[in-house]
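Numbered per mature numbering (1 follows the signal peptide of the UniProt record, and there is no 0), the sequence shown spans residues -20 to -1, 1 to 148.
These are computed hints drawn from the structure, not numbers from a lab.
Beta carbons: idealized from backbone N, C-alpha and C, even for Gly.
There may be inaccurate statements among the hints.
Label pairs and their computed distance ranges (CB to CB) [said to hold, decoys possible]:
1) Pro57 / Ala115: 23 to 31 angstroms
2) Gly30 / Ala115: 17 to 25 angstroms
3) Thr131 / Lys103: 26 to 34 angstroms
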Amino acid sequence: MRFLLSLSVFIVCALFSVSAQKPKNATTIATTTQTSNTTADDKPPTINWGKCPQLEPKDSEKRAKQAVLETCLQKHPIPANLTQQSIESHQKAIAECALRAEKWFTKAGNYRFSKAETEIRAKKLQKPIESQLLANHKNCESEAKREFPKTQIIEQIQLYQACVRHVT
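Working from the sequences, and respecting the hints, build out all of it.
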């Protein structure tokens, strides 16, 4: 059961950090490395932040996100009958819960793309990198809104986050 819980948390975290598809001719802002022989008790993947070490979350941010995910897992326990559909449904519930807890939604239920832009600016990146990230942010926001309507908000966010992590 601990493995399933860890797997579920890992997959939910993937909503925030792993791309669904890497765009052609793109370079990755941050890369993840992990050995194939891992267990639930192993350390999380190591991320190489490349030219953007300021984007690495602080330990306090990691602890806060962990607390949010634990709270969401209490509100949305792992389903007893594990099927592909129940796992996907659970992942979406946890992701939405975490995003709501971190105030990533407007009162109308839309994703706060402006909050993402504010967070990019707050990182105080080198100007060329910041400009490139902000331009990419706008393009990815447009693509996510175009591809997924508000009724598919989690899918919209997943596409945006996957897109914004790659700079062309």
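Going through the hints against the structure:
1. For Pro57 and Ala115, the Cβ-Cβ distance of about 41 angstroms falls outside the hinted range of 23 to 31 angstroms, so the restraint is violated.
2. Distance hint check: the CB atoms of Gly30 and Ala115 are about 18 angstroms apart, consistent with the given range 17 to 25 angstroms.
3. Between Thr131 and Lys103 the Cβ separation comes to about 32 angstroms, which falls inside the hinted range of 26 to 34 angstroms.
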